[in-house]
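A.B. asks: In order, the protein sequence lines correspond to chains A and B.
Residue 81 in the numbering used here sits at position 81 of the first sequence, with consecutive numbering throughout.
Residue 1396 in the numbering used here sits at position 396 of the second sequence, with consecutive numbering throughout.
Read the hints as simulated data drawn from the structure, not as lab findings.
Note that the coordinates shown come from a computational prediction; the quantities given were computed from them, not determined experimentally.
We treat Cβ as the ideally placed atom computed from N, Cα and C, and that holds for glycine.
One thing to keep in mind: the hints can contain errors.
[Claimed, not checked] Some chain A residues judged to face chain B by a derived CB distance under 8 Å, without partners named:
1) Gly26
2) His29
3) Tyr31
4) Pro54
5) Glu60
[To be verified] So, partial list: chain A residues that the calculated Cβ filter (under 10 Å) puts toward chain B:
6) Ser72
7) Arg76
8) Ala102
[What the hints assert, rightly or not] Far from chain A, some chain B residues (derived; all Cβ distances over 10 Å):
9) Phe1023
10) Arg1028
11) Thr1059
12) Leu1063
13) His1070
14) Leu1080
15) Ile1084
16) Ala1307
17) Arg1432
18) Gly1613
19) Ala1628
20) Arg1676
21) Gln1744
22) Ser1747
23) Gly1857
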Amino acid sequence: MEPHPPSPELLHGTLDALILKTLLAGRRHGYGIARAIEQATDAVVEVEEGSLYPALYRMERKGWVEAEWGTSELGRRAKFYRLTARGKRQLAAQTAEWARFASAVSRVLLTT
Amino acid sequence: MTFFNRVGWRPRVADEVDEELDFHIEMRARDLIASGLDPAAARREATRRFGDLRRMRGTLRELGHGRDLHMQRTQYLGELRQDILFTVRQLLKNPGFAAVAVLTLALGIGGTTAIFSAVYAVVLQPLPLREPSRLLLVGEIYDGQPQVMSVGNYVDTDAGVTGFESGLTALNYANYNLSDGATPERVVGARVTANYFDVMGVRPMLGRTFTADEDRPGNDRVVVLSHRLWTRRFGAGADAVGRGVRMNGATYSVVGVMPASFDLTTDSEELWTPIAFTPEQRAMHDEHYLTVNGRLKPGRTIRQVQAELDAVAARLRHDFPNDNPTLSFGVVPFAERFVGDYKTRLLVLLAAVALVLLIACANVANLLLARGAARAREIAVRGALGAGRWRIARQLLTESAVLAVVAAAFGVALAQWSIGAVVAWSPPDIPRLEQARIDPLAVGFAVVVALVSSALFGAAPALRVSRPDVHSGLRDGGRGSTGNIRDRMRATLIAAEVALSVLLLFGAGLLIRSAITLQRTDPGFNPRGVLSARLTLPTTTYTEPTRIVDTLNRIADAAAALPGADSAAITSYAALGSGGGTNGVLPEGKQGPHNLINSTLRVTTPGFFETMGVPIVKGRNFNDEDRAGGRLVTIVSQRLAELAFPGQDPIGKRINCCVPGPDAFKIIVGVAGNIRSRGPAVDPRPEFYLPLAQAPGVVWNWFRTVYVIARTPGDPSAVFKPLNAAVARVDPDLPLFDVRTMEQRLSGSLATARFNTLLLTILGSMGLVLAASGIYGVIAYFVSQRTQEIGVRMALGATRGAVVRLVLVQAMRPVIAGTAIGLASAVAASRVLAGQLFGVSRADPLTIAAVLATLVGVALVASAVPARRAAGVDPARALQAE
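Chain B extracted, bound-state conformation (with noise of 0.2 Å):
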């Protein structure tokens, strides 16, 4: 009712005051003149009474100020709470709308935002480190990344760089037996240099880190603790400092503790101890390994470093030609690099949600478009009655909020479960992806979008409606006046949310086209029925290569001799898996640097074909002749006989490689099948195998860590009890770790790509079926505005095939230039996924073919049902109508 009493004449505050107090004084004089007092007299009186009338006037302005806030508020709450009543009210008489609207939108904020919540988690948060983006890697430039430097390129780059606040820092990741205590477990550490902290940027939570003099041969027995082993293992007391722990056989003296913070994610290394290079090691350059960062000092930029780091690798390609023939220094943000290709891969999803989100939102607007047509008489009505245009508005308005609003309650709901989904299904090494929590950002900006398009389509028409003439919405129902611009904007919508779609569903197709052709790329090797387990060397009690060499055919021996296994094997390197070093080979005959062929090698006892499954293409297989003082022996795979020998025979050719002197010369004699080591997607590399009892001493300077290997007939993870217990036997201190099937590390290589994937192909599906949606409801709206029409033109003579006609081309207008546009900027969007495709075009026919199908095949159906509902049209009774 305040609405009707608005309208009324109302003065400024001022003014009000001014003039009641003026009417008051007069009256009072008027009637004190009345009663005798002479018309000065009087006034005076009047106005005494109100004592000092010009604070009076000040005190009632303010009162009137406060009092006119007040009711303002009150109003608009008051207003506004009409509205919602009212929404809330016509929503639940149309409950379907209600609810298909609400779930569409809901969808798209739920979505956007579990996504963005990973993608803020793994890619956007700063790492917890003292700026990040001054953090660098910096290493030897391999395959074109700078990857690890062997100890005497970073001693001498450490010292030859001044660009890098406390200098560069080494890394070398090992592993740790802890046997104090409770159970003996294996942890995960590194060794690293005393500036290792400095340069990440972060202090201990507990104690100090380590001391440049502890950073030196023999001095080295301590230990800083990760947060997660503290709590684990030391039960997180504060007297952990100061305490001895049993280390790989030795005892370790605790100096610190880490802050729960620099646990970068749940499988990062749990404890530090000094790397303490001996100078033989510094004068190494050769045996890259380590793992270098740097901290870029304020106002140096990563040019000026590279600069620095290219004079000393000219420097060290001089001085040291055999080991360094090739050098060069490549830096690459820290961040960047902890990251990795997830970057690329998450930000895909994240567009490919978005788009799910605007399908959602053109849907809703599509939905609000007809309902604005079909309220278009109420509008006109209130309008008649005298709302306001803004009051009308605000109504509209309120409706969208509200939509909205509940539409971001159920999609808030939807993201946490889908973020809970989506990191139990995720393959497990994308980092930090387990700390993603619902981003109040991301709702917030999901909502507004929500809320804009919503405000957009659904007020601003039913406004268009309410302004030209009230009168012409009575007079025909509100269906002709703006029905052509509404229609044309409704085909607009659906040729938006049919390109989208085809945008999703090119991307999803391109997909697993690649997921068919990676699931049947054959990998070199058949991983059934092959078990596969590492075990590490302690430098501490294996320091003779007889010693290990002995050790190791010991368990080959034994673990062949298991019961439930056809053959085993030890190996340097299986596949798909951690370990594996390179070694340039260099075929006889050739000189110079730029003929070395960077290989992977594998050292092996001759179980190893016949376990993997990996076939000897030509020549034989290793065998007991091939003893330690024999004649050097090796094998080759095609790829690497391709290489070194191209066109000719490689059996008895001879390879140099990996030590210098007359031992470098190993003769061929067997050519092994290709192995796609680095995963299904990665083109054999060229590889070679030396068998395991005729190893150079060195290489146990290079690995520690083994493979054992075993095939069985069937289940593979029956096999590891008594494989474990074999090991036992020949030395209980070398537990077994990393236990897996090679089925599971083929299935963990593509694991990434499978979950992207179906997760693209989840979102692709959700954009179809909401397009199609769409589709159906714009037609049927059509078929139901246009009822009297086709029933004219029925009686007119129309075959119900022609009506069928009118209806599909209608609908199929809008659906085709959707089509035609989104296939053109699919074709152009597919870049993006470029790095993830394998074996399939980025314009594969095939799956345009496939996507052309489906979209217009779902759009017919989609737009069948209504089209035969308008051929069902009774002509006499819709010509009755109305």
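Same shape as in the complex, but just chain A (with noise of 0.2 Å):
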């Protein structure tokens, strides 16, 4: 049987853990954070813009990121969004999730 390509849907939850460790080096607009994600990952996730948008308004709800308007680098007016003391302690925590998540994942398909 042939191996299936790796998936490049992520998992359930770890968008928004993505584009939280993605702001945390300072405030980006949607496709700032879309290309970030790419780059930092050599394209291997490949965030969707279906998926993106939604999440990032629903934790603008949650208050985990805070939007506001200003320039973007070729001078056009864009929405940014910046990272909260709540979305900090968000990503922190779901980082912390996902290593445990991974190291258990790990070792059940890396033991021989």
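With the hints as a guide, dock the two chains, each given alone in a separate frame, to form the complex.
C.D. replies: Structure below.
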């Protein structure tokens, strides 16, 4: 049987963590977030626009990120997202959770 | 911090979504072009990556709206929390202010709630009957009011009037000796016509009510139980229906039980039996004792049934000219008669307590005004730091709300306590008062009044400070700019408080004067050391008049022979209690119904006058020669003597009463002092006395209950046990009831008036104390604000006296104005008290003078303290300050 190619789809809940992590370095607009994730994962993870923006709006509501309007690097007005204190705590929690999950899965898959 | 973040441009959600997505697509396209795609393909690809772009827009708009709503709410709650925390901190910093404001408001809220709850329970709460507004009491007009009816008149009226649903119903209260099973018990019940329950609009909870068949003589040994009696004596068992009960020596079978809601008061009747008129009774148009009610047919008016009643009355006057010479009928709503004159009294109390609430609000307004001035600088600073007016206003409103809510909590606790106190201390006969509960509507109303007034006076002036310009507020420490307006407002509040207090004190003063006059009024008898009790002669065992008279004489003798008794008597009626009927008395030589003098009759043994301490002012007392079959004699009261034989010696004259024929004439052998039989507040009515030995047999149809009275040198209640034993030796089946000393009956008759006086006095004092503290607060504030000015004046040579005068004049101006307004309105408003006043005019000058002196005196004292402080100002230090 031919092995399936690695799924580009993100595991549930991981997108939030990736977005938050991207914002840790400073404020970014939506497209900037998508690009940053693609670059950081060598395009292994492709962020779908269809999931990115709903995720951002939801996180805004939860108070993990704050939005503000500013000028983009090319001089256009753009909506920037910034990590809040609560977002930082959320990122820490999700990172820890991911580490626990990944090591558990690794133990199963990588043990000979 | 959110506060400052919001100061930025923020697009509508739809624009936000569009702009954000457009930006994204453009950026993506630009990158794709850079990697080699042609512009059109790049744009297509960038758009494609969103999938269905229109759906995405929709989803995001929805999410955006939800997000904004959520954030607004969060921000609002966050600010509210801030405001509340800030307020609590502020109040804790000023515990004196907080305590005074909260307690003042709590007093107002609690008082209003408690009294309103009482008014609601007694007056406003609808009766638990079907459509109680259609229920009317119908009666023969006597003393200007519809009263009881005779059986004949009832029967003919019921047949002659069409305006009532299920006809008219008649009721006659009766006493029942329950003697089955456990301890014998005497209960108050009522004999009613079969349609009684239909007319009242209640259905039995168990079983049924009476059939028309059972409402006939010989068929009538059935009984309907009240819920109370069923619970107390039958253990609330469903098997009570069908059981037999021994009552008044006969066996009745229980056919039904009424629901608990039909126990209208705690002392209403406890059982009902059919009234079962005999044909003789139905033909009897004299002897008036039936309480008659009717339920208006839907669509019929009182005016219509009154017209029908008038027609029947005219016919009865014509058909029975001897029994009904002046007959007319009247109706009054059942609820009105049920509540009685407590309505006016309670509404007066409610008005009084509302005045106290207003005074409390004025006081808190004054406190807030003073505080608003002191905080002008703080508010100006906050304004300068960028807080919007709305935000500042919200902060101040929060403060008012916190005060009002905390005060409401205390107020409800206070109301709970005072309802208990009111119920416990009130006279026992106020219907339904014991059902008083804290009424949420009243609490809400009082809180809203407190809230609005504190918001009005707390926030409005402070906002004035914040608006015009921040700079002046900062510059002069928030003292100058609006000081005059606030001073005027404060003076107006003081004048209003004083006026309201005058209103309260004047009302209380009039009631106190009435109470004192009542207390001093001679009731016409000496209540000290007199014990009274009642007993009922059962119709089953006491049928023969001679047996009745013989038994009663033996009881009177036995009572008089008791070691603890100086004298004793049997009388059909003593005073100040239930019982006692009236008869038309015709002086000899006069004719016609218009010469009848309606007089209270007492059938007594000779010991009555000595025992009650009623003097025989002329002629003689009854004695042993006034025997049955002898010359018929009577004693009349002074009042009756004056009315019957004005300017003549009544002794030896004859009066005609009570029975037709030759026995109608009685010769007057004595004149007795007047008795205020219906209480000290009611003028003596004409009265006359017949010796028990000569009582016409018919009187035993009029009353079966008599009083045993005994005078003792010591404590009258000590005689009860031996008296009870003595009566039991004569007939063990005659239990004594309603045992009370005459002093108890006298104070009981004054209890309602005294209770009202007490409450109004308490409310008046509360108003006075609040007004005094208000005056003190304002003057103290005035002095503290003018310290500098006073210093300057003193430096320029003003004497201490002049400074004191300055302060006092400032203080007394609104007090005098308020007193004048208050007195004018008090004299006008005292009309509502007219029914409660006794021996004092509505514009009693003594009360006016007393109120004036009290208020001005209290105001002087309240302002003297700050005035002295002002006079003690050290000019040098005052000028250095700031």
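A.B. asks: State for each hint whether it applies.
C.D. replies: Quick rundown of the hints versus the structure:
With a cut of 8 Å, the hint placing Gly26(A) at the interface with chain B is violated, because the nearest CB-to-CB distance is about 18 Å. Among the interface hints, the one on His29(A) holds; its C-beta lies about 7 Å from the nearest C-beta in chain B, closer than the 8 Å criterion. Interface hint at Tyr31(A): satisfied, since its Cβ lies 4 Å from the closest Cβ of chain B, which is below the 8 Å cut-off. With its C-beta approaching chain B no nearer than about 6 Å, Pro54(A) sits inside the 8 Å limit, and its interface hint holds.
Here the hint on Glu60(A) is kept, as its CB sits about 5 Å from the closest CB of chain B, short of 8 Å. Here the hint on Ser72(A) is kept, as its CB sits about 7 Å from the closest CB of chain B, short of 10 Å. Hint on Arg76(A) holds. Least Cβ distance to chain B is approximately 6 Å, under the 10 Å limit. Evaluation of the Ala102(A) hint against chain B yields a violated restraint, the C-beta minimum of about 28 Å exceeding 10 Å.
Distance to chain A contradicts Phe1023(B) as a non-interface residue, since its nearest Cβ pair spans about 5 Å, not more than 10 Å. Listed as a non-interface residue, Arg1028(B) fails to keep its Cβ farther than 10 Å from every Cβ of chain A; the least gap is roughly 6 Å. Not every CB of chain A lies more than 10 Å from the CB of Thr1059(B), the least distance being 6 Å, so the non-interface label is violated. A beta-carbon of chain A comes within 10 Å of the beta-carbon of Leu1063(B); the shortest separation is about 4 Å.
With 10 Å as the threshold on Cβ separation, the claim that His1070(B) sits away from chain A is violated: the shortest Cβ distance comes to roughly 5 Å. Against the 10 Å criterion, Leu1080(B) stays outside the reach of chain A, whose nearest CB is about 18 Å from its own CB. For Ile1084(B), the non-interface assignment is confirmed: its Cβ lies about 21 Å from the closest Cβ of chain A, beyond the 10 Å cut-off. Every CB of chain A is more than 10 Å from the CB of Ala1307(B) (nearest about 74 Å), matching its label as outside the interface.
Against chain A, the non-interface label of Arg1432(B) holds: every CB pair exceeds 10 Å, the least being about 55 Å. The non-interface label for Gly1613(B) is consistent with chain A: the shortest C-beta to C-beta separation is roughly 88 Å, beyond 10 Å. For Ala1628(B), the condition that its CB be more than 10 Å from all CB atoms of chain A holds, with the nearest at approximately 103 Å. Against the 10 Å criterion, Arg1676(B) stays outside the reach of chain A, whose nearest CB is about 81 Å from its own CB.
Non-interface call for Gln1744(B) relative to chain A: holds, since the shortest CB-CB distance, roughly 74 Å, exceeds 10 Å. Taking the minimum C-beta to C-beta distance to chain A, about 71 Å, the non-interface status of Ser1747(B) holds against the 10 Å cut. Listed as outside the interface, Gly1857(B) is consistent with that label: its C-beta sits roughly 63 Å from the nearest C-beta of chain A, beyond the 10 Å cut-off.
When held up to the earlier numbered hints, the structure conflicts with 1, 8, 9, 10, 11, 12, 13 and fits the remainder.
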